[in-house]
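Turn these sequences into a full structure, and let the hints steer you where they fit.
From first to last, the protein sequence lines are chains A and B.
For what it's worth, my numbering labels the leading residue of the first sequence as 25, then goes sequentially.
For what it's worth, my numbering labels the leading residue of the second sequence as 11, then goes sequentially.
Any given hint could turn out to be false.
Sample of chain B residues facing chain A (criterion: CB under 10 Å; computed from the structure) [claimed, not checked]: (1) Tyr45; (2) Gln47; (3) Val53; (4) Ser58; (5) Tyr60; (6) Thr105; (7) Glu112.
To be clear, the hints were calculated from the coordinates, so they are not data collected in a lab.
Each residue gets a CB set at the ideal place from its N, CA and C atoms; glycine is no exception.
Listed below are the residues making up each chain.
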Amino acid sequence: GNSVTQMEGPVTLSEEAFLTINCTYTATGYPSLFWYVQYPGEGLQLLLKATKADDKGSNKGFEATYRKETTSFHLEKGSVQVSDSAVYFCALSGRGSTLGRLYFGRGTQLTVWP
Amino acid sequence: EPEVTQTPSHQVTQMGQEVILRCVPISNHLYFYWYRQILGQKVEFLVSFYNNEISEKSEIFDDQFSVERPDGSNFTLKIRSTKLEDSAMYFCASTATSGAVEQYFGPGTRLTVT
Chain A
25 GNSVTQMEGP VTLSEEAFLT INCTYTATGY PSLFWYVQYP GEGLQLLLKA TKADDKGSNK
85 GFEATYRKET TSFHLEKGSV QVSDSAVYFC ALSGRGSTLG RLYFGRGTQL TVWP
Chain B
11 EPEVTQTPSH QVTQMGQEVI LRCVPISNHL YFYWYRQILG QKVEFLVSFY NNEISEKSEI
71 FDDQFSVERP DGSNFTLKIR STKLEDSAMY FCASTATSGA VEQYFGPGTR LTVT
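And the structure:
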């Protein structure tokens with residue numbers, strides 16, 4: 025079946041620190057992979073995505089590479105800002121009969137201090 | 011920018027009562043979803059809806075749950091007889107096409123069952 029395992033939080037960093045949030049998945053077939061972000065009081069927003077192996081998704085300084093060999097999609101940012109404080113969710117979308125349905129990880133709370 | 015809206019933002023109800031959670035998807039979207047997140051747990055898929063019928067539902071979506079698109083704009087989730095374990099954040103999402111594409115999420119309704 026499909027599932028996502030995401031690094032447990034919370035993660036607390038100082039501004040300009042390097043961020044990694046680990047995400048691994050199990051899936052049948054070839055899923056698409058996503059990172060969603062949830063700022064306080066708001067809905068889930070797509071941060072970046074990758075639809076096939078070796079694709080790199082990037083947005084707002086965040087990056088993640090679809091690694092089929094390690095079934096991973098780790099989120100990275102070279103220099104975090106206070107405004108990056110949010111909850112980050114790794115997700116996958118399967119193929120076939122579960123087309124469109126998203127499978128999420130637990131979410132990782134990131135707090136960045138000035 | 012178009013967005014998904016949800017009402018109410020917080021609903022408190024007594025066990026055994028019926029609740030209706032409301033969502034207004036983005037106007038030209040055709041596919042609609044409900045997800046929920048119990049505090050500290052994963053975001054879980056409940057149901058997808060297209061062309062006025064359920065496309066897929068998870069094992070969570072039992073006979074206590076129903077969805078409806080009563081008019082051209084609203085998409086509702088009804089829980090007939092709430093249980094304590096239904097306390098969660100409920101997210102509505104929509105998308106213009108099926109498949110492994112971005113789903114647009116609302117801010118969520120926090121349901122508290124006492």
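Evaluated hints:
1. Tyr45: holds (7 Å)
2. Gln47: holds (8 Å)
3. Val53: Holds. Min distance 4 Å.
4. Ser58: holds (6 Å)
5. Tyr60: holds (9 Å)
6. Thr105: Hint on Thr105 of chain B: holds, closest Cβ of chain A at ~7 Å, below 10 Å.
7. Glu112: holds (5 Å)
Of the numbered hints given earlier, the model fails none.
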